[in-house]
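Chemist: These protein sequence lines are chains A and B, in that order.
The opening residue of the first sequence carries number 41 in the working numbering; numbering runs sequentially from there.
The opening residue of the second sequence carries number 41 in the working numbering; numbering runs sequentially from there.
Read the hints as simulated data drawn from the structure, not as lab findings.
All C-beta atoms, glycine included, are put in the ideal place defined by N, C-alpha and C.
You may find that some hints are simply not true.
[What the hints assert, rightly or not] Ranges of calculated distance between the beta carbons of each label pair, as one might list FRET restraints:
1) Ala156/A x Ile174/B: 27 to 35 Å
2) Thr172/A x Glu60/B: 40 to 48 Å
3) Asn237/B x Ala187/A: 24 to 32 Å
Protein chains: 2
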Amino acid sequence: MKQDEKRSLLKQKVFDSAFERINQDGLTGLRARDIAKDAGCSLGSLYNAYQDLDDLILHVNSRVLEMLKEDISTSVVEDQDAEAALVNLAVNYMNFAYAHYNLWTSLFGHTMQDNAPIPDWYTEQTNATFLTLIAPLLKLRPELDEAQAFILVRTLFSAVHGIITINLQERFISIPKDMLKLQLVEFVQTYAKGLQNKA
Amino acid sequence: MKQDEKRSLLKQKVFDSAFERINQDGLTGLRARDIAKDAGCSLGSLYNAYQDLDDLILHVNSRVLEMLKEDISTSVVEDQDAEAALVNLAVNYMNFAYAHYNLWTSLFGHTMQDNAPIPDWYTEQTNATFLTLIAPLLKLRPELDEAQAFILVRTLFSAVHGIITINLQERFISIPKDMLKLQLVEFVQTYAKGLQNKA
DNA sequence: GCATAAAATGAACGACGTTCATTAATTTGG
DNA sequence: CCAAATTAATGAACGTCGTTCATTTTATGC
């Protein structure tokens, strides 16, 4: 086996271990020594593979973003009307949050140490994921240019995200998943109709 | 000076120091040793005044909730129509988030150590704060009972909260405050109109 | 003023992320 | 094939953190 094959194999094992730890216990349960133990390497090797824990977490989050994008893209069906597409997206997003709760909260709950800046490649990927959502909205409001539509997409996504986030936070009274889904569907329909009336 | 006067004086000084630290540097910059130094007491005394840092943070957050409630209640004016009241609430909430950013994120970013449960008094206060928002929505949809209105209030609040949160997160492209305000106003108006059409 | 209770103290503990001198493994050149 | 040189793996050690607790200091009651 080549040298760089071994190198990337270790990197992969470290990644997988971190991913699984976050998936199981959440970000707050992530420990460098646990990851090293799971990956079957020493503590120091972890820092040969990744710069630090922030770097490793960002790579895990990057993978979660990919999963999310893949999930979302399957819900955009060409021949359904725009409103139905938006409702579909919102419900799919909710299902993703429920199905991968710890991974999903890692996306939004992670903060860099010492206020270090988030690397550009990550913010770019994050914002690129939104562009997946833009097609149905452009159908709904064909007169908008892409910049305006992007802002609108963000607003709608943020609203849906907030509704799900608040409901899943322990410090708030939660409603069951079925009821949340109904609320979400009604919310998106109401907002979409309002948008169409404005157009 | 009586004994319990000194006791509560120390507790107050510890509280003030923690509040100011969070206000200045955010939750992640909060250190037990810094608080003790600011309060002019020993590290151990901090743990005589509060059970642990979680306990102290919850008390700070409780104060922030009070500030928020006070802020919000001033924006509910009796003689304005319901839609304007909701818009007003959303804009006030946004202004609070901007004016007290670190305190505001402490409300939502704090998680208990070891997955300890959030004490009941805190969750109750959190949910009680929402009830402040319910009046204008009941005007908009008088046929709803209080339980249904509460769910709607939560949906609308969560949506507004999400829009602000996402915009203020470093990992997303942000729009300036003025533009966010416009988006928020338009969003709430759109949604409120949709609600009225359903009634 | 003395005995008792309460409060303040900071050294010490264990856990954490990270570093780095040392060791082991691998590659290279003759 | 071996030795020199390069690269990777290692885990003890460091600094920092929240928290504890034996000890000291202060306050209270008679």
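Chemist: Next step is simple, just say for each hint if it's right about the structure.
Modeler: Hint check results:
1. In this structure, alanine 156/A and isoleucine 174/B break the distance hint of 27 to 35 Å, their C-beta atoms being roughly 42 Å apart.
2. Between threonine 172/A and glutamate 60/B the beta carbon distance is about 43 Å. The supplied range of 40 to 48 Å therefore holds.
3. The beta-carbon spacing between asparagine 237/B and alanine 187/A, approximately 29 Å, falls within the hinted interval of 24 to 32 Å.
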